[in-house]
Amino acid sequence: MVWQRRTILTGLCGVLALTGQTLRAETAAQTLLRVVPKTGPGIALDRAALEALPQVSFETTTIWTEGRIAFRGPRLRDVLALAGIAEGRILLRALNDYEVEMGLDELGDDWPIIATRQNGQAFDVRDQGPLWLVYPYDDEIDLSRERIHTLSVWQLVQVQELPR
Amino acid sequence: MSLRPALRRWSARLTRALRRRIWLVLAIVLAGLVVLALIGQSVRNRLEEARTAQSENATWLVAQAEVETLKLILALDRVAPDHGPEAEAELRQAFDIYLSRVEVMDSYMAGFAVLAPLRDGEHWQQVRQGTRDLQQLLDGSTLLPTARLAEAQRTALSLRKPMRAFTTDALAALVAAGIQGRETLATLLSRGAEIGFALIALLTLTVWVTTRLSRRLRLRSREAVRARANLERTLAASLDGVVVLRPDGSIVDANPAALALFGMTRTALIGTDFRHLVPGGSATLGGMLLRGAATSPRIELTAQRPNGQRLPVELSLTAGDDAQGRPVRFAFLRDISERRSHEASLRAARDAALQAAEAKQRFLAVMSHEMRTPLNGVIAALDILLRTTRPDPRQLQFLEIAERSANMALEQINDVLDQARLDERAAPEEAVALNVTTLLSDMAGQVLPLAEAAGNRLTLSLPPPDQAWVRAPRRALMRVLLNLAGNAAKFTRGGEIHIAARLEPDGAQQGQHLLSVEVADTGIGIAPDRLEAIFEPFERGENGYDRDTEGTGLGLGIARRTVEAMGGRIEVSSQRGEGSSFRILLPVAAAQAPLPESRSDLLPELPMAGQEVLIAEDNPTNRLVLREMLRHLGQSVTEAADGAEAILAANAKAFALILMDISMPRVDGLTATQAIRSGRGPSAGARIVALTAHGLPEELERFHAGGLTEILPKPVTLARLRPILASLPEPVLDPAVLNELRALLPAAHLARTAAGLEAEAKAVLADLAGLPLAEGLAERLHRLQGACAMLGLRRLVQALRGAEAHLAETGACPPEATAALAALWEEAAQALATATGPQDGSAAE
Numbered sequence: 001m002v003w004q005r006r007t008i009l010t011g012l013c014g015v016l017a018l019t020g021q022t023l024r025a026e027t028a029a030q031t032l033l034r035v036v037p038k039t040g041p042g043i044a045l046d047r048a049a050l051e052a053l054p055q056v057s058f059e060t061t062t063i064w065t066e067g068r069i070a071f072r073g074p075r076l077r078d079v080l081a082l083a084g085i086a087e088g089r090i091l092l093r094a095l096n097d098y099e100v101e102m103g104l105d106e107l108g109d110d111w112p113i114i115a116t117r118q119n120g121q122a123f124d125v126r127d128q129g130p131l132w133l134v135y136p137y138d139d140e141i142d143l144s145r146e147r148i149h150t151l152s153v154w155q156l157v158q159v160q161e162l163p164r
Numbered sequence: 001m002s003l004r005p006a007l008r009r010w011s012a013r014l015t016r017a018l019r020r021r022i023w024l025v026l027a028i029v030l031a032g033l034v035v036l037a038l039i040g041q042s043v044r045n046r047l048e049e050a051r052t053a054q055s056e057n058a059t060w061l062v063a064q065a066e067v068e069t070l071k072l073i074l075a076l077d078r079v080a081p082d083h084g085p086e087a088e089a090e091l092r093q094a095f096d097i098y099l100s101r102v103e104v105m106d107s108y109m110a111g112f113a114v115l116a117p118l119r120d121g122e123h124w125q126q127v128r129q130g131t132r133d134l135q136q137l138l139d140g141s142t143l144l145p146t147a148r149l150a151e152a153q154r155t156a157l158s159l160r161k162p163m164r165a166f167t168t169d170a171l172a173a174l175v176a177a178g179i180q181g182r183e184t185l186a187t188l189l190s191r192g193a194e195i196g197f198a199l200i201a202l203l204t205l206t207v208w209v210t211t212r213l214s215r216r217l218r219l220r221s222r223e224a225v226r227a228r229a230n231l232e233r234t235l236a237a238s239l240d241g242v243v244v245l246r247p248d249g250s251i252v253d254a255n256p257a258a259l260a261l262f263g264m265t266r267t268a269l270i271g272t273d274f275r276h277l278v279p280g281g282s283a284t285l286g287g288m289l290l291r292g293a294a295t296s297p298r299i300e301l302t303a304q305r306p307n308g309q310r311l312p313v314e315l316s317l318t319a320g321d322d323a324q325g326r327p328v329r330f331a332f333l334r335d336i337s338e339r340r341s342h343e344a345s346l347r348a349a350r351d352a353a354l355q356a357a358e359a360k361q362r363f364l365a366v367m368s369h370e371m372r373t374p375l376n377g378v379i380a381a382l383d384i385l386l387r388t389t390r391p392d393p394r395q396l397q398f399l400e401i402a403e404r405s406a407n408m409a410l411e412q413i414n415d416v417l418d419q420a421r422l423d424e425r426a427a428p429e430e431a432v433a434l435n436v437t438t439l440l441s442d443m444a445g446q447v448l449p450l451a452e453a454a455g456n457r458l459t460l461s462l463p464p465p466d467q468a469w470v471r472a473p474r475r476a477l478m479r480v481l482l483n484l485a486g487n488a489a490k491f492t493r494g495g496e497i498h499i500a501a502r503l504e505p506d507g508a509q510q511g512q513h514l515l516s517v518e519v520a521d522t523g524i525g526i527a528p529d530r531l532e533a534i535f536e537p538f539e540r541g542e543n544g545y546d547r548d549t550e551g552t553g554l555g556l557g558i559a560r561r562t563v564e565a566m567g568g569r570i571e572v573s574s575q576r577g578e579g580s581s582f583r584i585l586l587p588v589a590a591a592q593a594p595l596p597e598s599r600s601d602l603l604p605e606l607p608m609a610g611q612e613v614l615i616a617e618d619n620p621t622n623r624l625v626l627r628e629m630l631r632h633l634g635q636s637v638t639e640a641a642d643g644a645e646a647i648l649a650a651n652a653k654a655f656a657l658i659l660m661d662i663s664m665p666r667v668d669g670l671t672a673t674q675a676i677r678s679g680r681g682p683s684a685g686a687r688i689v690a691l692t693a694h695g696l697p698e699e700l701e702r703f704h705a706g707g708l709t710e711i712l713p714k715p716v717t718l719a720r721l722r723p724i725l726a727s728l729p730e731p732v733l734d735p736a737v738l739n740e741l742r743a744l745l746p747a748a749h750l751a752r753t754a755a756g757l758e759a760e761a762k763a764v765l766a767d768l769a770g771l772p773l774a775e776g777l778a779e780r781l782h783r784l785q786g787a788c789a790m791l792g793l794r795r796l797v798q799a800l801r802g803a804e805a806h807l808a809e810t811g812a813c814p815p816e817a818t819a820a821l822a823a824l825w826e827e828a829a830q831a832l833a834t835a836t837g838p839q840d841g842s843a844a845e
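One line per chain: the protein sequences are A and B, in this order. Going by the working numbering, the first sequence opens with residue 1, and the numbers climb by one from there. Going by the working numbering, the second sequence opens with residue 1, and the numbers climb by one from there.
Since the hints were derived computationally from the structure, they do not count as laboratory data. Hints are supplied without guarantee of correctness; some may be wrong.
In silico EDC-like links for lysine to aspartate or glutamate, alpha-carbon gap of 20 Å or less [stated by the list, open to error]:
no. : chain 1 : residue 1 : chain 2 : residue 2
1   : B       : Lys71     : A       : Glu99
2   : B       : Lys71     : A       : Asp97
3   : B       : Lys653    : B       : Asp642
Let's have the full structure, built from the sequences with the hints guiding it.
So, in structure tokens, the structure goes:
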């Protein structure tokens, strides 16, 4: 259903605007992320909800892009807290059904963030968006590189708490 | 091939090398550590790279690119049959994801060196182109026309191949890069391990060497400590005083011996100026202390103790440094007062011995002169009586007894002097050819009277004379034999004395004989315990021996020492009361019998010419005796009582011969001889013969050195005088003959005779020079010779005889002989003119 609406919207935007990507991202309060705890109902977050949360921004390079990029977005920790997830393990899922497990003990104080903007602009699927779980890659982080790369989920769509 | 010494040598060399190059080793270690650190950093970087694991992520990315391509194709397949908006939305999502992957891949390759080459590769460019085509086909309108979809499907399908190829290439590149990374890492790690190992080895070696060095150092320091302790103990126990001082003389330390030597306590001695302790030599000592070396290895000084006592010390000095490196001097001191006193007593003893020896020499010289001079007078006087007079048989017997006794007394004195000579190890008498049989016969002849006087019978058994020639020192042998035979005669009464000689070739040596002479008697014999003692000087058999025998007590001692000096020995065997037997065993060289003396002078001998002879002799008896002997021999004698008179006489007259006694008052013979020789008197060229009584060897040497080369030993006898006179050159004019003529003829007659002779002589000499020889020249020559002889022109007569003999033999006279005759005639005429001059003539009248 989400996809359907989004598709329609995308179609509309494609008709209305020259550059469809930005238009599409900014037009509707479309659900971008679902957070599903073990018990109780999950929550769906749109751009506004995500950007209403405390924002963290940092500038970094990544191995997948060229040049430095300023990322901005809420902490994953804060997003999880919204759904009452404070410990244990979670499963992160991407648009292409990529899934990866993560322990909450792997979270840093200020990372990762669920980036909603690159250089102040929202970004869409073609640019690994609209949500991208990013880390300050240029800083020393208490995780191995492989783990960081594995946990840098593009096109994040759902976070699910895993049973113990 | 032992390994241990080689290993030890090697390790020693290594230790030396490392010790010298310790800084080099440290530098190598430091460099190694730096390299190791760099390698470590490099490995860390590599590991960090591995940790970032870009390649694994890349693999995932590459794989995802292909997966998304296939997903896009699937989405296109699903859209194609019934073209609804829902399917188209799925298609767009799949295309968005695909596009995202392609973009990521492209960006990723830009930043990743391993894959960067593939970004511009043909396959990836085809993918990019296809992707751009798809974007044009799919973007823009919703509800895509079927034709565009079909076109998009074809395009997507055409992407599969290049995408597949790209994926394969990328994975291969990633695998290769992985392998290369691992290899680099492995190389780095093994390099690091190598360097680390080398460093560990080097450090281990360094530690080993250091340990070795420190152990050696420890050993050495222990050795030094031990050496020091030993040195200290040695110094403490040393009998010599050792003082350590500064170059300025202040004493730093001293050993117990030094404290005892100076009679001071340690505290009193330390700090004292050493020069104050040896006041005598402080000036020289100061310089030596500054230099640090003595002027000679050992110097003798006088030290002074605080109580004023002085003692002689010997000092040696050496320089060194103390523990702080300041210069110090070590003085070694020895108390030499005991040695000094030893030296003094030794010197005294030596002086006493020298004095004693001198006294003995003086005594011997005096004895030699004072005793032998009168004895020589006696012997000479007896000689004259016996030879020049005709005593009756009874007188003759007594004269002979007197002569024998005198000779025996002289012999005793000579024995004593010989003993003294042997003491001084004088050169032994020279060996001469002698006949043993003759020698023993002569010896027996001398002993016979003594033996017969005691009623003994003397028998001889000797080798045949022609086989008895040997070489031996005659006088010494004779004396020994006389001694033995004399003893036998003395100690035997009414018994028998047998002398036996044997001469046997010595088996060991060619030309050597062993002479054995045995003198056996049937006398009183010698007690067995005295057999050795009789050879000691001044020993006699026993008291009973001396009562009726005489002897010097020197004889046997001298005999044995003489025989031993000749390389032989004396043996004795004896039975008390039955007799004694002495045997000489002497190695002698065999000798040829000398040829009988031939008369080389073919001319008949002239009667002995009368010559002018001067006697210098202080003893009136001897002078008288000598004068009588010379007159008996037809000589014209002048006497001088001492050297001074002799010089005067020699300056007044030309003497043919001067007999010079050596020891005379006022001027001795030696001085007188030198005065006569160096003077210009008419006798400067006279023959001078020294008269001496058996002088000591060094005296004879002195005579030789003083120009007295000819020596006539006393006692002087006619037999000894005769050859000397005979060997004098013929006088030009015989004074005795002329004196006789003067007595017979008036002076005028004599002058006429001389004048006639002169005329004839000149004529004969002239004819002799001319050729051919005048008739009857030989006859005239002979007559001239007779005339000359009558006038006593002896030298001319001799020459004329030679000329006559030559003329008779060859019929001519050589010119040089004629010239010599002429010269001789001149000489003779001169002498004749002087002798027959007017003064002499008037004196005769």
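Going down the list of hints, with the structure as the test:
1. With a CA separation close to 17 Å, the supplied pair Lys71 (chain B) and Glu99 (chain A) stays within the 20 Å bound.
2. A threshold of 20 Å between alpha carbons decides the hint, and for Lys71 (chain B) with Asp97 (chain A) the separation of about 12 Å falls inside it, so the pair holds.
3. Only pairs whose Cα atoms come within 20 Å are accepted, and Lys653 (chain B) paired with Asp642 (chain B) is accepted, the gap being roughly 17 Å.
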